[in-house]
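We have chain A; now place chain B onto it with these hints.
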Amino acid sequence: MDHKQCTVQLSVQPSRALVDEKFKVLVQKAPPGAQLTVRSHHHSEDKQDWEAFGHYICDSTGALNLSKDPSLGGTYEGVEPMGLLWSLRSVPGSKPGLRMRKKSIETPMEVTVSVYLGHLSEGFSEQRALAAVVVERWYMAPGVRRIPVTEHSLTATLFLPPGPGPFPAVLDLWGGGGNLVEYRASLLASNGFAAMALDYLTNELTKTTGKMVENDYFEAAFKFLEQHPQIVGSRIAMWGLSLGTTMTLKMAVYSNVMKLRCAVCYSGSHIQPVDGSVKDIMEYMHKKEENTRINENQEVIWRDLILPVPKDPALKVDMGRVQCPLLVVVGLDDQNSPSYESAMDMKEMMEEAGNSHLLTLLTYPNTGHLIEPPYTPHFRTTVFRSVKNTDLFMVLWGGETAAHSRAQEDAWRKTLMFLREHLCDRGNSAVTSTSNL
Amino acid sequence: MTSAAMDSIVAPLLSVAPTRALVDEMFTVRVENLPPCQHFTLHSLHLSEDNDYWEAFGHYTSNHKGTVVPQDYTKGGTYTGKEPMGLLWSLRPVPGSRKGLRLRKMNVCSPLLYTISVYSGHLVVGFRAQAPLASALAERWYMAPGVQRISIKEKAVRGTMFFPPGTEWPLPWTLGYYFGPGEMETTEMKSNYFETAFNIVKDHPRVISNKVGIVGLSLGATVAFYLATESKVVKPCCCVCINGHHFNPSGKHLFDLSYDSFKMHVRKLSAYWIDCFEYQESIIIIYLNFWQMGKINCPMLLVCGEDDQNVPAVEVADDIERMVRAAGKDRLLTRLNYPGAGHLIEVPYAPHFRVTAFMQAKEQKVMIVWGGQTKPHSDAQEDSWQKILDYLQLHLYSCPSLASKL
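Those protein sequence lines, which keep their order, are chains A and B. By full-length UniProt numbering, the letter at position 104 of the first sequence is numbered 104, and the numbering carries on one by one without gaps. By full-length UniProt numbering, the letter at position 122 of the second sequence is numbered 122, and the numbering carries on one by one without gaps.
Okay, chain A solo, but in the shape it has when bound (with noise of 0.2 Å):
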């Protein structure tokens, strides 16, 4: 028995958190000088086995600070104190192009942090580690209500934050893979904000009608926050993901219901036929279904399917017409949206209205299509079945892991700004937005 390996302490502080937050990750009394391999294990709500691992010599005392030591090798490398949660990736052996994503946002994801002796990038389960600990990462914080929005006809699920309120809301939106995604509305939910996340294209009535959603749809949704006790109707935002974009460009330039007070745009284009509702926008984008490219891989590339960025006004909403705060995310290596030429045209459209003081644009290079909550992986390719397609693709979204992460911390903690600055603002003046972000 050797009992010289059991000296060596790991903590990772704190050990339960949201999925927003950071943790410190320590390393004590291991052998001075010694190389060791700090890794993370999950094991999924889909049963699959995920892992990422920094390879670390200790200083001459035994101790190790992730916050401060560098990683010198593994699925991250440099000083990264979160690089064991955002580095995740499917174990050697696993099927190809999984995606991990909560479903059961009432439960954490409980990550396993271990330490190792030496730098092994492989066989850990064969190993004993040194010490290890479990981590907890939640979508929720204490206190946050979940309630299945079922009114008008609605396939929702809304997030209150405690306490009384009233609150600023915000309206939540996927993208083209459809399905209820609770996750980003319960984190803004547990940062203060009520947030509702809205089914679109999967929604019941879909499902029972096989008719996709008008635009009252999403009006629907509005009103129903607007007119909530809890919710104070003038302070109501959009958030939408690649198609979620499309819906929220749409809504907040054309709806004469919905008066958002700002809006949130990532990865997302502002081209569609603008007369059109969610079913004119997928035939639309089905009709140029010649402009996917396939790679050498084999992934599928959709970026160029809606470029060349039109002229006709028809087919592109009216940026000049844009009367809120905007906040336009764009990951420069989008394989899946032309998302930076459209905030180009954007940007262009405004700058010629005279509105272009509304709108901040952050561009982050080397990040992909997904840019998902901070310290969650990064997702280059996976498989991927849109609603309108019933076969299986493999898709590229693009994005190199460091760059991508970087991106999804950064991007989060400016929007959450954006939306403090123009929801919480305590002034009654006329919400003007800064761009020096």
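Read the hints as simulated data drawn from the structure, not as lab findings. Heads up, some of the hints might be wrong.
As the list claims (entries may be wrong) - So the derived list for chain A, only partly shown, Cβ under 7 Å to chain B, looks like this:
(1) Thr7
(2) Pro14
(3) Ser15
(4) Arg16
(5) Val134
(6) Glu136
(7) Pro142
(8) Pro168
(9) Gly192
(10) Val232
(11) Cys424
Claimed, not checked - Taking beta-carbon pairs under 8 Å as the criterion, some of the chain B residues facing chain A (in silico):
(12) Arg20
(13) Val23
(14) Met26
What the hints assert, rightly or not - Using 27 Å as the maximum straight-line C-alpha spacing, the simulated BS3-like pairs for lysine-lysine come out as follows:
(15) Lys24(A) <-> Lys387(B)
(16) Lys22(A) <-> Lys65(B)
(17) Lys24(A) <-> Lys365(B)
(18) Lys95(A) <-> Lys388(A)
Cβ coordinates follow ideal geometry from the N, Cα and C atoms, glycine included.
Frame of chain A, contents of chain B only:
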């Protein structure tokens, strides 16, 4: 339109970080988006497992940006000064509660829930009668994720073992004899009960058998004194003894401390047991010998609350030091004294109880004075905990020959 929609001002933003923490971890409470330079009260509310409400509060003034943080200075409330954790350690039963309450979490698998709120103005009462401006919920856990809890019912021993997460191999262990007087049936408590319990731990496959230490509070510390000096069966690796006495009821059961025989000197509603020792020396001579502390062979940490009104902790510690020094073993003894701290030195940020109700063996309820003033007692809990953890780390994880006096 609802009134909320007509009022376009949103609630202030109250955040607690981390929202989920271990009981010995700090948190930060922050309020933003308040009107600037106005009076506010930060309030914490806890509903105990016994269905009693506990609260703490501090009076603040928002700065020119409309922010309040508990690193700010508070001049009123259940705590004063710069006390970021005051909303926890100064918790006390709400007005109108039953007398002599004590807060103890019996189910450690679930967290303690605290509602942290901000109210307008400097309030001292009536918090539940008015709506706060904002609230958040904080969870405080006694168990880290992945810790395994296993009930032990073996050879008449009843206890619970907690295994740290992620480890299947043998580890050093701490055995906690942690109970107050009267919390078990004295007829069961023969000396070999504790030896049996110790051996259950020592012989467990996930325990390193020569690395089992003992932590004891009050009577638990007395058990530790007994085992460390008299037991031929167990050899603790080290002991941490908080506010224990070393009186040996020789010839009787280890805990056959018949309280009647002390002829308690009851002052109003409080029982000062400590007075028994001061004023009833003859009884002490008749009834009690002392464990011969010079016989210890393991390192021992004594934690003494200098305002302990239940056990003469300082006098006991002085006497133990004398005995240990006389035996030439003072290198084994370390002592921590805390002025203003009472008997119940618990984990950090736990509320302080100067007096609580206590059922005697014959169903007679008295109010027992444990002692301590809240602020120094809370400081003692915070300071001693880290020192106890460091002490256990040193003696249970290191080679014994390297163990040195802290």
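Hints, one by one, checked against the model:
no. : hint                   : verdict
1   : Thr7                   : holds (5 Å)
2   : Pro14                  : holds (4 Å)
3   : Ser15                  : holds (5 Å)
4   : Arg16                  : holds (4 Å)
5   : Val134                 : holds (3 Å)
6   : Glu136                 : holds (5 Å)
7   : Pro142                 : holds (4 Å)
8   : Pro168                 : holds (5 Å)
9   : Gly192                 : holds (5 Å)
10  : Val232                 : holds (5 Å)
11  : Cys424                 : holds (5 Å)
12  : Arg20                  : holds (4 Å)
13  : Val23                  : violated (12 Å)
14  : Met26                  : violated (10 Å)
15  : Lys24(A) <-> Lys387(B) : holds (22 Å)
16  : Lys22(A) <-> Lys65(B)  : holds (26 Å)
17  : Lys24(A) <-> Lys365(B) : violated (48 Å)
18  : Lys95(A) <-> Lys388(A) : holds (24 Å)
Consistency note: the structure conflicts with the earlier hints numbered 13, 14 and 17.
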